[in-house]
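For reference, the chains in residue letters:
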Amino acid sequence: MATKKSNTIKLKFDSARELAPAPESKSAATIKPQYELFINGKFEKPASKKYYHTINPATEERISSIAESNQADVDRAVKAARQAYEKTWKKMPGKERAKYIFRIARMVQERAREFSIVETLNGGKPIRESRDFDVPTAANHFFYYAGWADKLEYAFPNRQASPLGVAGQIIPWNFPLLMAAWKIAPALATGNTVVLKPAETTPLTALKLAEIIQEADLPPGVVNIITGAGATGAAIVNHPDVNKIAFTGSTDVGKIIQRAIAGTSKKATLELGGKAANIIFDDAPLDQAVEGVINGIFFNQGHVCCAGSRLYVQESVFDQVLRKLKDRMETLIVGDPMDKNTDIGAINSKAQLDTINKYLKIGLQEGADMYQSSCKLPGKGFFCRPTLFTNVAQSNRITQEEIFGPVLTIQTFRTDDEVIAKANNTPYGLSSGVWTDKGSKIFNLTTKLRSGVVWANTFNKFDPVSPFGGYKESGYGREGGLHGLYAYVNVK
Amino acid sequence: MAVNGTLPDFSFSPHVDQVGIEERASRFTKRSIKNETKVNGLKLALNMIDLTTLEGKDTDGKVKQLCYKAMHLHDVYGGLPTVAAVCVYPSMVRVAKQALGNSGIKVAAVATAFPSGQAPRDVKIRDTKFAVDEGADEIDMVISRGKFHQGEYNFVFDEIAAVKEACSAARLKVILETGELVTYDKVRRASDIAMYAGADFIKTSTGKISPAATMPVTLVMLEAIRDFYYKTGKKIAMKPAGGISKAKLALHYLVMLNEVLGEEWMNNEWFRFGASSLANDILMQLMKQKTGVYQSPDYFSID
Chain A
1 MATKKSNTIK LKFDSARELA PAPESKSAAT IKPQYELFIN GKFEKPASKK
51 YYHTINPATE ERISSIAESN QADVDRAVKA ARQAYEKTWK KMPGKERAKY
101 IFRIARMVQE RAREFSIVET LNGGKPIRES RDFDVPTAAN HFFYYAGWAD
151 KLEYAFPNRQ ASPLGVAGQI IPWNFPLLMA AWKIAPALAT GNTVVLKPAE
201 TTPLTALKLA EIIQEADLPP GVVNIITGAG ATGAAIVNHP DVNKIAFTGS
251 TDVGKIIQRA IAGTSKKATL ELGGKAANII FDDAPLDQAV EGVINGIFFN
301 QGHVCCAGSR LYVQESVFDQ VLRKLKDRME TLIVGDPMDK NTDIGAINSK
351 AQLDTINKYL KIGLQEGADM YQSSCKLPGK GFFCRPTLFT NVAQSNRITQ
401 EEIFGPVLTI QTFRTDDEVI AKANNTPYGL SSGVWTDKGS KIFNLTTKLR
451 SGVVWANTFN KFDPVSPFGG YKESGYGREG GLHGLYAYVN VK
Chain B
1001 MAVNGTLPDF SFSPHVDQVG IEERASRFTK RSIKNETKVN GLKLALNMID
1051 LTTLEGKDTD GKVKQLCYKA MHLHDVYGGL PTVAAVCVYP SMVRVAKQAL
1101 GNSGIKVAAV ATAFPSGQAP RDVKIRDTKF AVDEGADEID MVISRGKFHQ
1151 GEYNFVFDEI AAVKEACSAA RLKVILETGE LVTYDKVRRA SDIAMYAGAD
1201 FIKTSTGKIS PAATMPVTLV MLEAIRDFYY KTGKKIAMKP AGGISKAKLA
1251 LHYLVMLNEV LGEEWMNNEW FRFGASSLAN DILMQLMKQK TGVYQSPDYF
1301 SID
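Chains as they are written, first to last, in my numbering: chain A, 1 to 492; chain B, 1001 to 1303.
There may be inaccurate statements among the hints.
Lysine-lysine pairs mimicking DSS-like chemistry, simulated, CA-CA at most 27 Å apart [said to hold, decoys possible]:
#1 K1231(B) / K10(A)
#2 K1235(B) / K12(A)
#3 K1234(B) / K10(A)
#4 K1234(B) / K1129(B)
#5 K1034(B) / K340(A)
#6 K1043(B) / K340(A)
#7 K26(A) / K1030(B)
#8 K350(A) / K376(A)
#9 K326(A) / K1234(B)
#10 K1030(B) / K461(A)
#11 K1234(B) / K12(A)
#12 K1231(B) / K438(A)
#13 K340(A) / K1246(B)
#14 K1030(B) / K376(A)
#15 K1034(B) / K12(A)
#16 K1248(B) / K12(A)
#17 K1030(B) / K380(A)
#18 K326(A) / K1235(B)
#19 K340(A) / K1248(B)
#20 K1288(B) / K340(A)
#21 K340(A) / K1290(B)
No wet-lab data here; the hints were simulated from the structure.
Kindly produce the complete structure, drawing on both the sequences and the hints.
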């Protein structure tokens, strides 16, 4: 056979994306037409009397009406949490608290299928991810922190840990149930009570969790879940009877929260934006590195604060890596999130899709080369092709600002020191990834990369045992593991 | 030498991360293959089978019966393809060739002191030539794993090249016996050696050693084929063999093939399953898709 130049060779992947539909059944989950606020163990109508619609971002169909809390509702929720804290929860022995948390964990597991369906319908993420990642990891968090509840004296040896009181918790739309678990589980384990507000666009799994909490017979008021938009969040943050704010979301809002609580005695943990560097050295196992890059940036449509959105490739393997990346992107199935074969689902909201498209334009205006996979997009709903930009530099906005979508920028580098400097050359510092076959290189980089998490030869791996949190504008405080307990206690 | 230009140093074959490759391989099993995709996939898998009998007790009668099965998989189900080839020892090639007639089904012969490969080179060449002279369309050779483990990559390379020469027009499948190579790095290295030395196919296993074909091992080899194709423009075929006896697993392999090498490889010129009991499980699934109910194994012939 005549040998061809490699630049003329192309593999064809159209048939790999054209699989018969394999939809998960919607009927395995029930979604009520209207949801109320979960305050003091009961579902109550909002004092505001207002409701808003929540939609399925893959179809733009309304799926339920959600109560909108006003100041009076927040007052009621905080009051309920305070009473529950003083009367029952802070006095309850740890082993009793643990029983409740274990019960929640088991019930999340039992209703895993229902949770994953609702998560996908409301948030747009592929059912494969809700089923295999979000829901099981959420259950694991409850199990893990349930285990700590009666062992706090071992967590803080020779010291006394006491709860803070009422925790106001505000969570984002990218991992609605999982973030609720991250927030609620350690707060309960340490004896705090909770007022939690899920994101405006994705309240349903948190409200399903409220149903479980009610069914689990948790003392009324220990967990209150109230819905609403930014104003509701602000009311929680500014409430004088809240002792601690736990927030996961954008850096902008994080800054607002910091200003709001400055001068008060409120404690805070903030888990904010990111622009993670993912670094491939020329000695790395390239195919596995490419797979890690794909998972790093396209997992959950790139709506991941620790997404590996800045790829650095050692220049000697750049062509190979780029070709492998493009081939792999061609096999990604974009479409109906309820289809079990979908790799990339719907962008969470119209607003987010607009933001992503704005950045695609900026990238092109800046003169970067854009590559998108050739897949077809559904006619309705909010979708974005997996995208990568080459011919970019540190000075490009698309490499500096968090896009929070399936958009990767690729730069080359020559030496270890150069890539360390570039990776750290960002206001963020949540996560980073290193791909190399050489152990010493991994240790060198992990000590020098300024980010809360450094993954080596893997990416986007989470475990309840492992702390997670940021440097610089990515926030402060740690969630998960033993470190996650510190955020909810005073230690004497 | 099959490939022009300078040869790579095989001790620098790309490395494979064990955790990463196994994770990627398991991801293919998450694909949900339904309805027409399933039926098409099952028929394609049938058409890719090298129906195999490799026993010391093989007789003319056994081989003839196997050949009849190869041509008539399940006549109740109209329009089914045949298998790709029948795979036998060299001594059975003539019988198989006669039995298969002009059915278009190929005859593959295992040669080169199969399965251990522990014989002098002239014996291996003689073995190969005998099979080719008897009419074999394809030769399945084994590499010298002992020499490979000794680091004598040139020996392994030269041997494959010599056998390739002895094959004349027959296509050469090079069995790496991955169960004896153990690590993914070594599987990758052996794949590279085989392809550069002139293999038309690379094949996982003899079926005599456990583990035989696994998805991660096959993935390593598919990635080697892809990299080789990009480098040289030459397509190499793949044959996982042994341990693939269920239709569902065969579909997982096809999903993997489709996503690593793409649709040009999705036919029996470029991909084979070495299997003996896979065909009946596929037939059972096809009948289930057609009738909606599973039938007893007694309704499917065993040859």
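Hints versus structure:
Between K1231(B) and K10(A), the direct Cα distance comes to roughly 12 Å. Compliance with the 27 Å bound is thereby established for this hinted pair. The hinted pair formed by K1235(B) and K12(A) meets the criterion: a straight-line CA distance of about 14 Å does not exceed 27 Å. Note on K1234(B) and K10(A): the hinted pairing holds, with a Cα-Cα distance of about 12 Å set against a maximum of 27 Å. Of the pairs offered as hints, the one joining K1234(B) and K1129(B) holds, with about 25 Å between alpha carbons and a cut-off of 27 Å not exceeded.
Distance hint between K1034(B) and K340(A) is fulfilled; the C-alpha atoms sit about 11 Å from each other, no more than 27 Å. Taking the CA atoms of K1043(B) and K340(A), the gap is near 23 Å; set against the 27 Å cutoff, the hint holds. Of the supplied pair hints, the one linking K26(A) and K1030(B) holds, its CA atoms being roughly 19 Å apart against a limit of 27 Å. Between the alpha carbons of K350(A) and K376(A) the distance comes to roughly 19 Å, so the proposed pair stays at or under 27 Å and holds.
Note on K326(A) and K1234(B): the hinted pairing holds, with a Cα-Cα distance of about 20 Å set against a maximum of 27 Å. A C-alpha spacing of about 18 Å is found between K1030(B) and K461(A), which places the hinted pair at or below 27 Å, so the restraint holds. Restraint check for K1234(B) and K12(A): the C-alpha separation of about 16 Å stays at or below 27 Å, so the hint holds. A C-alpha spacing of about 26 Å is found between K1231(B) and K438(A), which places the hinted pair at or below 27 Å, so the restraint holds.
Of the pairs offered as hints, the one joining K340(A) and K1246(B) holds, with about 21 Å between alpha carbons and a cut-off of 27 Å not exceeded. Restraint check: the Cα-Cα separation between K1030(B) and K376(A) comes to about 22 Å, which is no more than 27 Å; the hinted pair holds. Between K1034(B) and K12(A), the direct Cα distance comes to roughly 22 Å. Compliance with the 27 Å bound is thereby established for this hinted pair. This hinted pair checks out: K1248(B) and K12(A) have alpha carbons roughly 24 Å apart, not beyond 27 Å.
The hinted pair formed by K1030(B) and K380(A) meets the criterion: a straight-line CA distance of about 26 Å does not exceed 27 Å. Between the alpha carbons of K326(A) and K1235(B) the distance comes to roughly 20 Å, so the proposed pair stays at or under 27 Å and holds. Proposed proximity of K340(A) and K1248(B) is supported: the alpha carbons are some 16 Å apart, at most 27 Å. The hinted pair formed by K1288(B) and K340(A) meets the criterion: a straight-line CA distance of about 22 Å does not exceed 27 Å.
Using a Cα cut-off of 27 Å, the hinted pair K340(A) and K1290(B) holds, with the two alpha carbons roughly 23 Å apart.
Hint check: no violations occur; every hint is consistent with the structure.
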